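Fit the two chains together into the complex; they arrive one by one in their own frames, and the hints show the way.
Listed below, chain by chain, are the residues.
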Amino acid sequence: MATYKLTVNGQPKEVAVDPATPLLWVLREELKMTGTKYGCGIAACGACTVHLGGIATRSCVVPVSLVAARPILTIEAMAEDPVGRFVQDAWVEHDVVQCGYCQGGQIMSVVALLKAMPKPTHADIEESMGGNLCRCATYVRIREAIKAASQQLEEQARR
Amino acid sequence: MSAATRLTNNLLLGRRTFLRVSATVAGGLIVSLHFDLPLLAQEARRADSPPKVDPPNAFVEIRPDGKIVIMVNRLEFGQGIQTALPMILAEEMDADWSQVIAELAPAADVYKDPLYGFQMVGSSSSISHSFQQYRELGARARAMLVAAAAQRWSVPPAQCRTEASVVHGPGGQAARYAELAEAAAKQAVPATVPLKDPSRFRLIGRGIRRLDSRSKCDGSLKFGLDLDLPGMKTAMVARPPVFGARVNHFDDRDARRIPGVHDVFEIPLVRGTGVAVLADRFWAAKQARDGLKIDWDVSAVEHPDSARLLAKYRDLARTPGKVAASRGNEKKIDTFDASDRIVAEYDFPYLAHTPMEPLNTTIRFDGDRAEAWAGSQFQTADQAAIADVLGLKPEQVTFHTVMAGGGFGRRATPDSHVAREAATIAKRFRGTPVKLVWPREDDVQGGYYRPMHVHRVEIGVGPDGMPLAWRHVIVGQSITAGTPFESLIVKDGVDSTAVEGTIDTLYDIPNFHVSAHHPTVNVPVLWWRSVGHAHSAFVMETLVDELATRAKADPVAYRRKLLKADAKKLRAALDLMDQKSATWRTTLPPGHAAGIACHEGFGTAVACAVDVSIENERPRIHRVTIAVGLGLAVNPLGVESQFQAGVGFGLTQLMAKGAITLKDGRVEQRNFDGYTPPYIVDAPIAVDVHIVPSSEAPSGSGEPPVPVISPAVVNALTRLTGRRYRSLPLVTV
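Protein chains in written order, with numbering that gives the first Met the number 0: chain B, 0 to 158; chain S, 0 to 732.
If we strip away everything but chain S, and leave its shape as in the complex, we get (with noise of 0.2 Å):
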């Protein structure tokens, strides 16, 4: 929010109340139409709490200059829904779409997911759970300004129509929306407003550039971490060499001698305790950071240690589970002769999301009040940790919702580490802007990884070459124990992240069995782009391919032949992929091959076809052939960008340096030399996408396009080499 450019007076708004005429410091009138959460919501809010101060111009501002903000209830970190949700609000409102501005919301109750009644990025859900919400609004906004230039025309409102911010009466009468905004805003809310048919959408549907993209382009964009404020200091913490460890004393007298260095301090962690560096500028932080002498007891805390892991997880994965989906005989698989029994282990290990702007967030503690800048995709969470660190109500703690630069999960955390480091820090500056800044190598060895995984399968095969019995077991350890989401997550101690993409398979398997062991182990973990789906399609979709081969059956109409009949969102986009690859597919050139992948995850269907051949001993994807099922589209240019780029980021998992390990409690990497995620060469040369159309209620493409892109790779490797990749990540081909 662009606070300083409007009187945001802090009125108590009433639950009904939508509208708003506020002045800018300038003296100009401002109309801006405030909407409060849709019923969903409000009946999840108490009835006997307080009404809640929320910011004026919740949603949409009409400025007298025509053009109109849109407020966007969520975090902007290149998934393209500070374009999408415009699209939708001003679809319904008729707004003209040249004029529309859209602005990240800060954290307030009017921003919370409709559905999930928090703040957040995540699972893919911004579009599905704002669709209806946006297009209300749009709607809501529009019947006002109709109302209004009825009113002044003593028309009846269903004979004025709208179009490109204008309403145009029955006699030839025209009014802009700006010049009816004030009177807009004194019409009556309606309780409830029709929706547009389909037929007659403009913008939903079409392929919108995005909006973000100039100021991207020449550097004016500030992201969190570009952050100037008056008197600001970075910050920046040495954490312990091993999580959770403590310090036992340090020596800061080289830190000290920094210029530019003000204070030196040890604070206490989420994990263990670290010590901090407060300075004038980055470069004396890192400095006096790296340059301090610290002794750390790290004698209290487990080191955890890769390969020690491994062999640990191997043996469990030998072990029944705690069950997570169980149809038919379980007992069925032990049936079956070694003949007739295909039995693979697969591992991945940790990974870091290493989103290209390094985690930062920036508070100043003004002793009753504090103010927040984050690229965060959890703003309920944070606001709330800032506030409990600080002494303060979450209201108290003024959040603006920043532009991060990517963040893959790595932005939502239970715990809100990042949020609460800094704002212990910033407690002891009151007054002073504290940008807390985690500098690369803090990122690639600050944990919060996606968890190391052993997956075991046993098939029984049938003699027709389908799968008759499968038992799956996964190792891993769980996500979301121990966080407010643990209630929501695990059932029966089953975490539902390391487990979903396997027991909803869409495959027709008769006794399916899948347990899980999930281990504590020292290492916070997070959910990373496409969460359990990128682990599980690896594996459920190379042994498919495995299953094809061993029937000597074309790989599209073996998973034709295996998936469920009622698959029909996955059935659809297979059989798009199929339809749209099958030439090039059938007339590669001599050393290249094709490998296919489908997965269905995040209510979205995705089935790929990559072309494949060996380069300088790495994997080198010429094309890359995408059909998604996802509803409608509603843009469909963004879908297309998710899915071009998406399959490029889920490569991450198959880089030879796609590794987080550790050796005796320590990340043995530290920046981008040591992990290395996909650079122009390792990404697909081309990639086409075909969007099956749709006109069901929409599905999300941020974490789709991950899970297909790694096991239809290795499936066309495999059929280069003869060689099964069941350990990631691939450091030989």
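The following block holds chain B by itself, in its conformation from the complex (with noise of 0.2 Å):
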């Protein structure tokens, strides 16, 4: 067991645990923040997806102990985000969801995407997307929210 001093979603959070703990669990049970999901625990399915230190990150197998003072970002902070409520909002207007439980994933990878792209390519998308696996498979409706996103970051940017 050790101590970590980590920032989650602007707050300070302690937590004691295992030092080989993933980011996952520790956001999931010690902090009880439950919308990262666990999908595969390999990095294979991209539903626990998270910003470290602003870069799209699968803490499904980045122990705690390596996250040092990178900010932690989760889709629980995403309401408030600049970039990321337009992507909610995206979501839901395009009605993009089904189960569910891979679309807190999707939504962070997406929000790292658009706010190192604003205007992504098809090929961006694809690239950026390549590992988010929606098992609903509703990747048709992902590609056209991402780029109703994208129009209305740019909308918002001309005013």
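Simulated from the structure, these hints should not be mistaken for lab results.
What you are looking at is a predicted structure, and each value in this text was computed from that prediction instead of being measured.
Be careful, since some hints might not be right.
When the alpha-carbon atoms are kept at most 27 Å apart in a straight line, the in silico DSS-like pairs for lysine-lysine are as follows [as the list claims (entries may be wrong)]:
no., chain 1, residue 1, chain 2, residue 2
1, S, Lys490, S, Lys563
2, S, Lys66, B, Lys146
3, S, Lys66, S, Lys195
4, S, Lys221, B, Lys12
5, S, Lys111, S, Lys292
6, S, Lys111, B, Lys31
Structure follows, in structure tokens:
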């Protein structure tokens, strides 16, 4: 057991856990933030995606001991995020979700993409979303919603 | 049910008790309408059986703030029923849709499927079975609210009208449903109620967005795996490496050293035995479970092996099985020369469902009662199984239906093996909520797969290129043998879930013979979204395409010619698909090809055209046009969504790593690295969905997207490469 100081969604947190515990389980079980999902535990599905130091990261394979001072952003913070809320609104507007279990991770990947690349091409979308599995396969609407969010962001920037 | 916010005083409700007035813990009045089972299910209930204890607020609750809570008698796991059923009830009730809240109903008699008498989701039956039920529920609620208003104003009810949760009287009076609810609860329940003329529908037939979107986009929705109860522990089980094997002995010293691990013990499983670990947290449980040193006795069980099974199945396919369908002359096929005969052999591997949310069930056993939380497709069976393990009656188990992250059939297990495991562990820790989790590896390796199949088809082709004789042998395990469903589904030795989509083909083939072999194999099998239709439609639609090519005919025109005269629904879908895709199909860029497939199953007819090229040695699906005939589309937006995504799910069987294989009894894949479902690059880039206009009774849209897509894609690939693809998965193109 060791104690770690984390910054999650701008809030300082302290947890005492085994150093090998993946960040995913620290978020879900120590901090009771269950919006970040467990899907595979081997970084193969993207349901656990968070932003670590601004980079979309699979939290299921990051031991808490390696997080250090990097700020953590989770899906719970996206409603207040300048890009996140546009993405969430586009998701609702386009009725993207089905079972919804992967969608928090999908949205985290999209927000990271749009922050780095406000007008992603078809290829950019496939590249950055390529590791986010949706077993319902809602990919058609994910593509549409990403384009809509990108457009909304552009219009907002112009205003 | 948010039981904490309501007084659930477990009243013994009579058969015709419909309305309940209950109090919130905060003291405010809640008036709720309680409806009993529709007629058919009531008749099924024995007259001498004691009245059941049903939860209050069975279907509709009108809150003082105007919110209307509608209970959904099905699991929501992506299919959108949590929006569609409330739409139907709200339509007839004239409820203000913006105030509607949907809740998933717990296990209870009132929530059983009105036709099956069993609470479940499956066979795309939710809308078709509950359409009338929810319309009548809404109409009764409305009639009682109107009666209350008419009484208040001393006017005839017939002179009142309703709109958006308000009753309007003839003299300009108006009263909100919320203020009428208490008086409405005292009204007699009308035995019969008139239903709206469809021309007056305000919700049904309109594209309505899902009610659960926002909470699924902001992380607030709690799935079963997200449950966090006071004192809860996480359980995991080490299961045998070969199905049904048993623990000889185990060394748990390392496991017990992990902080947070409470107990390690052997448990009986539905198949064999295992070692359970109970810990404070998931991570400790996983580390401990994975670190167990277990000596298994695998000697007493069969060691299935995919390669050996394939060889055996191919041999079996060359011999006639139990007759599943027979029309015309069975021997006709033998009169055709090799030049007029197609002989095709197909094989399909085991497939796992791998819903995104790993399997889990939480149970707290309190001695004389228990509480369970599960995303279950079979609430009635799972509740009974938990009760059985705990030595309780089903009604002593409060069973909460929790939103599930996908399922595709995996949460509909006739043997309730996950529920039984969870109950077995919970029984040992009285008073402690135990959350049993199947990590992804357990899910991939744990069986309950779509069965492996071989199809062998011989077709005698007439001089006009049309099939005159068809002999079809299907080999695959029976899904229902040995389950309570066997007597309903297995007829004359044939499991209909293995031959559906073949025996009921809508193609007019004069001498048509289908038979089936159901070998017994030590691999647990289960229905996988669209069940038999996914492999059957693949065989039927690739062969019909081959016949069209051989006849040098247009694949759409050939199908039209071959369809039975009375295949109206499928013909209409085929025509609409043709009309909507003709332009792009005839103007494809070089390197692209169109593929066609059509199929009817679960009462829904689907036709599909795909635009495919080959990229990185894989099919690239640029576009899909779907036409669907499903009667009246309750929520066209939901139907569109199911089809746009459901075709992507169907592509699982074409993925290069879309197979579960066994070697000497052991499953060779462990996780999404070895068993890989479709990602964004594998799915169609665009899917346009067209619904055949209809006012007929609605059928479902959960299963029907799956069967058509794989044959359509493969038919396009064949046009590009000249190869036939008869062995899945599609390892090479």
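Could you tell me which of the hints above the structure violates, numbers in ascending order?
Of the numbered hints given earlier, those the structure breaks are 2, 5, 6, listed in rising order.
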